[in-house]
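All the letters of the sequence shown, read from the start, carry residue numbers 3 to 600 under the working numbering.
Everything labelled a hint here was simulated from the structure, so no lab data went into it.
Since we're looking at a predicted model, the values are computed, not measured.
Hints are all accurate, no fakes.
Each pair of labels, with its calculated beta carbon distance range:
| id | residue 1 | residue 2 | range |
| --- | --- | --- | --- |
| 1 | 371 | 119 | 37 to 47 Å |
| 2 | 478 | 506 | 57 to 67 Å |
| 3 | 256 | 142 | 47 to 57 Å |
| 4 | 88 | 138 | 13 to 23 Å |
Heads up, simulated EDC-like pairs for lysine to aspartate or glutamate below, C-alpha to C-alpha not over 16 Å straight-line:
| id | residue 1 | residue 2 |
| --- | --- | --- |
| 5 | 57 | 141 |
| 6 | 510 | 558 |
| 7 | 57 | 105 |
| 8 | 388 | 481 |
| 9 | 594 | 511 |
| 10 | 388 | 295 |
| 11 | 388 | 289 |
| 12 | 507 | 539 |
| 13 | 507 | 558 |
| 14 | 521 | 572 |
| 15 | 147 | 98 |
| 16 | 510 | 539 |
| 17 | 543 | 511 |
| 18 | 142 | 61 |
| 19 | 280 | 378 |
| 20 | 478 | 287 |
| 21 | 521 | 550 |
| 22 | 388 | 482 |
| 23 | 147 | 537 |
| 24 | 57 | 409 |
| 25 | 543 | 587 |
| 26 | 147 | 61 |
| 27 | 438 | 409 |
| 28 | 543 | 590 |
| 29 | 510 | 537 |
| 30 | 388 | 440 |
Beta carbons: idealized from backbone N, C-alpha and C, even for Gly.
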Amino acid sequence: MEMPVARPCIVGLKVAIAILLALPGQSYSQESLPSGPPIRIRQMPPRDRREPEAKGSAEIRGRVVAAETSNPLRRVQVRLMASELRMPRLATTDAEGRYVFRELPAGRYTVNASKPGYVSLQYGQRRPFEQGRPIELVDKQVVDKVDFTLPRGGVLTGRIVDEFGDPVSDVSVNAMQLRYMAGRRRPVNAGRQSLTDDLGQFRIWGLAPGEYIVSATLRSFNIVEAQMLSGATNEATGYAPTYYPGTGNVAEAHRVSVTLGGEAGVAEFALLPVRTVKITGTVVDAEGAPYREGFVSLMQNQPVGGGEGMMFFGGMGGGGRIGPNGSFTLSNVTPGEYALQARARRSKPGEAPGPEFAMPGQGEMAMMTVNVTGEDLVGIVLVATKGARMTGRVTFEGAAPAASSIENLRISAQASSGEPMMMMGAMPARVGLDGKFELTGLHGRRLLRTMGASGWYLKSVRVDGRDMIDTPIEFKGSEEITNVEIVLTSTTVQIAGTVTGSEGKPAKDYSVVVFPEDKALWTPDSRYFSQARPDQDGRFKVVGLPGETYLMAALEYVDSHEWRDPEFLEGLRAAATRVSAADGETKDVTLKLVPPPF
Numbered sequence: 003m004e005m006p007v008a009r010p011c012i013v014g015l016k017v018a019i020a021i022l023l024a025l026p027g028q029s030y031s032q033e034s035l036p037s038g039p040p041i042r043i044r045q046m047p048p049r050d051r052r053e054p055e056a057k058g059s060a061e062i063r064g065r066v067v068a069a070e071t072s073n074p075l076r077r078v079q080v081r082l083m084a085s086e087l088r089m090p091r092l093a094t095t096d097a098e099g100r101y102v103f104r105e106l107p108a109g110r111y112t113v114n115a116s117k118p119g120y121v122s123l124q125y126g127q128r129r130p131f132e133q134g135r136p137i138e139l140v141d142k143q144v145v146d147k148v149d150f151t152l153p154r155g156g157v158l159t160g161r162i163v164d165e166f167g168d169p170v171s172d173v174s175v176n177a178m179q180l181r182y183m184a185g186r187r188r189p190v191n192a193g194r195q196s197l198t199d200d201l202g203q204f205r206i207w208g209l210a211p212g213e214y215i216v217s218a219t220l221r222s223f224n225i226v227e228a229q230m231l232s233g234a235t236n237e238a239t240g241y242a243p244t245y246y247p248g249t250g251n252v253a254e255a256h257r258v259s260v261t262l263g264g265e266a267g268v269a270e271f272a273l274l275p276v277r278t279v280k281i282t283g284t285v286v287d288a289e290g291a292p293y294r295e296g297f298v299s300l301m302q303n304q305p306v307g308g309g310e311g312m313m314f315f316g317g318m319g320g321g322g323r324i325g326p327n328g329s330f331t332l333s334n335v336t337p338g339e340y341a342l343q344a345r346a347r348r349s350k351p352g353e354a355p356g357p358e359f360a361m362p363g364q365g366e367m368a369m370m371t372v373n374v375t376g377e378d379l380v381g382i383v384l385v386a387t388k389g390a391r392m393t394g395r396v397t398f399e400g401a402a403p404a405a406s407s408i409e410n411l412r413i414s415a416q417a418s419s420g421e422p423m424m425m426m427g428a429m430p431a432r433v434g435l436d437g438k439f440e441l442t443g444l445h446g447r448r449l450l451r452t453m454g455a456s457g458w459y460l461k462s463v464r465v466d467g468r469d470m471i472d473t474p475i476e477f478k479g480s481e482e483i484t485n486v487e488i489v490l491t492s493t494t495v496q497i498a499g500t501v502t503g504s505e506g507k508p509a510k511d512y513s514v515v516v517f518p519e520d521k522a523l524w525t526p527d528s529r530y531f532s533q534a535r536p537d538q539d540g541r542f543k544v545v546g547l548p549g550e551t552y553l554m555a556a557l558e559y560v561d562s563h564e565w566r567d568p569e570f571l572e573g574l575r576a577a578a579t580r581v582s583a584a585d586g587e588t589k590d591v592t593l594k595l596v597p598p599p600f
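When you get a sec, could you build the whole thing from the sequences and use the hints?
So this is what it looks like as C-alpha cells:
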C-alpha cells in the first residue's frame with residue numbers, strides 16, 4: 003500500500019524498486035589469494051551481449067491446488083530461478099492448475115508459487131520460513147509432479163483510535179516479526195501493509211502462520227514546494243509509531259498468533275500522542291553552492307534490544323523538495339532516530355527542471371543520522387556529492403570461463419552490515435568485454451560482490467595491493483579508486499551427501515546448516531555459511547564455500563531467518579559433524595539428524 007504522500011515521490015520510488023527487482027539474485031562464496039606458486043589468470047573472453055540465452059532440453063512440470071478444497075488454482079504465478087538462467091522464468095497456471103517450463107539448461111533450480119490471498123511457497127517447503135527444496139536437472143530430463151498445495155493465508159484485523167477514542171484513518175499498519183538479520187534481532191515487516199479506513203479499521207491478509215507484532219504509524223508529512231513551507235503548519239503534536247496494545251517500545255509489544263486461513267483480531271488500541279518538531283536546513287555541494295533541484299527524505303531507524311550498531315529497516319518518514327536556495331523544511335517529525343537523505347541535481351542551461359527523485363548517476367547524494375527529541379533541528383547542512391568512483395578489472399583463475407556463464411556478470415557494492423541503506427544508491431556495474439568495470443555513486447562502507455556468473459566465485463578483491471574481500475571499503479566524498487583487481491575462481495569447496503534418521507534409514511526431507519568452526523568468522527557479512535535442502539533424490543549439495551574447517555548439522559526444520567543467530571549455532575556445536583576442506587576439494591559425507599538446539 004502507498005504511504006499517504008504525494009504521487010511524484012511514490013512514482014519515483016516505484017521506478018527505483020522496479021529497477022532493483024529486475025536485477026539477478028546474489029551469491030558468492032569466496033576466499034583470499036593463497037600464498038605460494040603464482041596462479042594462472044585469464045582475461046574475460048569476448049562475448050556478444052546480443053546473443054540470446056542458451057536453450058536447454060530439460061523440463062519441469064507441475065500443478066497447483068488449494069489446500070482447503072484440493073481444487074485446481076488458476077492464474078497462480080510460478081517462478082523458476084537458477085544461476086544458469088539470465089533472469090527468473092515466469093509461468094501462470096491454467097484452468098487445471100497446471101504449468102510447465104521448457105527448454106531448460108541443466109542446473110539446480112528452485113520453484114516458487116504465489117497467488118493473492120494464499121501463502122506463497124517454495125517447492126518442498128513444509129513450514130513457514132523454511133527454505134525450499136532444489137530440483138537438480140540434467141539435459142533432456144523431464145521432472146514431473148513439481149506440485150504445490152497452497153493454503154489460505156491468515157488475517158489480522160483491528161481498529162486504531164486517537165487518545166480521545168476517535169477513529170484515525172490512513173494509519174499505516176504492519177504485521178512484523180522479530181528476526182535475526184544483519185547481526186541483530188529486529189522487527190521486520192512480514193506481510194502486506196494496510197491503511198486504516200474512515201472507521202479506523204485495518205485488515206492485513208495473506209499471512210503465513212506464526213506470531214506477529216502489530217505496528218501502527220501515522221505520517222502527516224507532505225511533499226510540497228519549499229517556498230510554501232515558510233508558513234508551514236504550526237501544529238506541534240503528532241503520533242509516535244505505536245505497537246499493539248499501545249506502547250512505543252517494541253520490547254513491550256504483545257505478540258498475536260495467526261493460523262492458516264484463520265482470522266485474528268486485536269483489541270482496539272490508541273496511537274501515542276507526542277510533540278512534533280521541524281527539521282530545517284540546506285543542501286549544498288562540496289564548494290558550498292546550494293542546490294535548487296532535488297528531494298530530502300527521512301527513513302526512521304528502530305533499534306531493538308541490546309548490542310552495538312543501529313537498525314536501518316525503518317519505514318519512510320516523509321520528505322520534501324529542495325527550495326530555490328537549497329533550503330528544506332520537514333514538518334511534524336515525531337521523536338526518534340532517522341537517516342536524513344538528500345538526492346540533488348543541477349539542470350543544464352536550457353534544460354527543463356528534472357524530477358524531484360533523481361535516478362542513480364543523475365545527481366548527488368548526502369546522508370546523516372539525526373536524533374529527534376523535543377526541539378526543532380535547525381541549520382542542518384547536507385553536503386551532497388556524486389559519491390566515489392571505482393574502476394578495475396575482472397580476471398579468472400585457471401581455465402577461461404564459457405561466455406554463456408558470465409554474459410550477465412555484474413559487480414555490486416553492497417552496504418556493510420550496520421550501514422544505513424541509502425535510497426537509490428549505487429547500481430551494480432556490468433563488466434565489459436575487456437573485463438573492465440566502473441562503479442559510481444559510492445557512499446559509506448561497502449563490500450564488493452559478484453552477480454550473474456554461474457559457477458564462478460570471488461577469489462580476491464585487491465585495492466592498492468590489499469585484499470579487501472572480507473573488509474568493507476570506505477568511500478568518501480568524490481574520491482576515485484582505480485586499478486581494483488577482482489579475481490574469480492571456479493575452484494571452491496563442494497560438500498555433498500545424504501542424511502539418515504534415528505533408525506539409520508535415509509532421510510528424504512531435512513535441512514543442513516554449514517557454519518565455520520572458528521567463531522571469529524561468525525560475522526553478519528561472513529561468506530563462510532551455507533544452508534542446503536535435499537533435491538528430488540534426497541541428496542544435498544553445498545558449493546562455493548572457501549576452504550576452511552566447517553561444522554555441519556542436519557535438522558528436520560530450520561527457520562531461514564534464524565539459522566545464522568550465534569545463539570542457535572552455539573547450541574548446534576556439540577552435535578555437529580566437523581568437516582575440513584581446502585579450495586577445490588570435494589567431500590561426500592553422511593550426516594545424522596540431530597534435535598534442534600532449543
